Amino acid sequence: MNILVLAEHESATLKGATLNTIGAASKLGGDIHVLIAGHNCDGAASAAASVTGVSKVLKADNAGLEHPMAENIAPLLVGLAGDYDYILAPATTFGKNILPRAAALLDVQQISEITAIIDGDTFERPIYGGQAIATVKSSDAKKLITVRATAFDPAASEGGSASIEDVAVSDISDQSAFVSLEVSKSDRPELTAAKIVVSGGRGVGSGEDFTKIIEPLADKLGAAVGASRAAVDAGYVPNDYQVGQTGKVVAPDLYVAIGISGAIQHLAGMKDSKVIVAINKDEDAPIFQVADYGLAADLFDAVPELQSKI
550 MNILVLAEHE SATLKGATLN TIGAASKLGG DIHVLIAGHN CDGAASAAAS VTGVSKVLKA
610 DNAGLEHPMA ENIAPLLVGL AGDYDYILAP ATTFGKNILP RAAALLDVQQ ISEITAIIDG
670 DTFERPIYGG QAIATVKSSD AKKLITVRAT AFDPAASEGG SASIEDVAVS DISDQSAFVS
730 LEVSKSDRPE LTAAKIVVSG GRGVGSGEDF TKIIEPLADK LGAAVGASRA AVDAGYVPND
790 YQVGQTGKVV APDLYVAIGI SGAIQHLAGM KDSKVIVAIN KDEDAPIFQV ADYGLAADLF
850 DAVPELQSKI
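The sequence shown begins at 550 in the working numbering and counts up by one.
FYI, nobody ran anything at the bench for these hints, they're computed from the structure. Remember, it's a predicted structure, so these values are computed and weren't measured experimentally. Treat the hints with caution; some may be incorrect.
[Claimed, not checked] Capping the alpha-carbon separation at 30 Å, the derived lysine-lysine pairs in DSBU-like fashion look like this:
1. K734 x K769
2. K564 x K645
3. K608 x K691
4. K820 x K734
5. K744 x K761
6. K820 x K744
7. K744 x K564
Use the sequences and the hints to build the structure in full.
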């Protein structure tokens with residue numbers, strides 16, 4: 550049984566979700582190969598070769614792959630698919646963009662965002678915004694799967710000694726082209742990889758109060774900043790802060806929810822956090838049902854007091 554993991558990387562380093570995906574692949578058994586597709590990506594290939602459990606790294610280095618466009622990477626996956634029983638990718642925007650296209654080209658059904666592996670054919674995945682867990686059994690000979698990173702422990706980044714093999718790239722699409730990329734820059738940890746997340750909701754009241762209340766607490770804790778969809782829709786913060794079903798899925802050691810009611814859409818993105826702390830003046834807010842620690846208080850009084858005592 551051979552397994553291919555499509556790696557998300559930054560040319561020199563692997564993204565954390567790739568390690569979680571390799572961790573999921575290890576539960577299937579068999580040889581794990583990792584595909585590094587990009588340009589000037591020797592660093593990422595070397596990093597993948599060092600991951601425990603990886604037996605081979607396939608490096609597809611081509612100028613046409615500098616930006617991870619599905620139009621170019623999906624045909625590469627299809628060309629390699631004959632040697633593999635499983636093709637896995639992280640369920641990030643990267644994996645969600647590429648793997649469905651590859652599945653369509655291979656005429657198989659993708660299994661999306663798995664959270665558990667029962668056996669080689671059977672998987673669990675959330676449905677209805679995380680309110681229920683579906684058990685899915687696939688009869689496809691070749692299975693293409695996206696993995697919810699927060700549901701699996703990451704593979705160790707050191708200890709492996711896999712070989713690196715170059716892969717020829719011949720199919721670069723001229724039907725689409727990369728135009729530009731706008732990336733938010735911050736000194737804070739990346740939201741999906743942070744061990745502590747401080748999130749604000751509509752109860753914060755405004756973008757100005759978000760800056761005065763939420764961000765100082767996050768900075769003091771060394772935390773990433775998140776937000777509910779309501780806060781994003783209200784324009785308090787950019788949409789890359791959004792945690793939830795239509796935002797980012799996080800599972801930090803500590804999640805602090807401030808002024809967040811706890812709508813199902815938001816809970817789907819953070820309920821796997823190890824410790825959840827909620828501050829909300831509404832004692833009946835749904836967030837208190839999942840919180841390990843809850844404080845029914847006015848956030849404008851409670852958060853500055855909390856910050857002063859840290």
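Here's how the hints hold up against the structure:
For the proposed pair K734 and K769, the alpha carbon gap of about 19 Å is at most 30 Å, so the pair holds. For the given pair, K564 sits about 15 Å from K645 by alpha-carbon distance, which is consistent with the 30 Å threshold. Straight-line distance between C-alpha atoms of K608 and K691 comes to about 22 Å, which keeps the hinted pair within the 30 Å bound. Straight-line distance between C-alpha atoms of K820 and K734 comes to about 27 Å, which keeps the hinted pair within the 30 Å bound.
Between K744 and K761, the direct Cα distance comes to roughly 22 Å. Compliance with the 30 Å bound is thereby established for this hinted pair. The straight-line distance between the Cα atoms of K820 and K744 is roughly 14 Å, inside the 30 Å bound, and the hint therefore holds. Proposed proximity of K744 and K564 is supported: the alpha carbons are some 15 Å apart, at most 30 Å.
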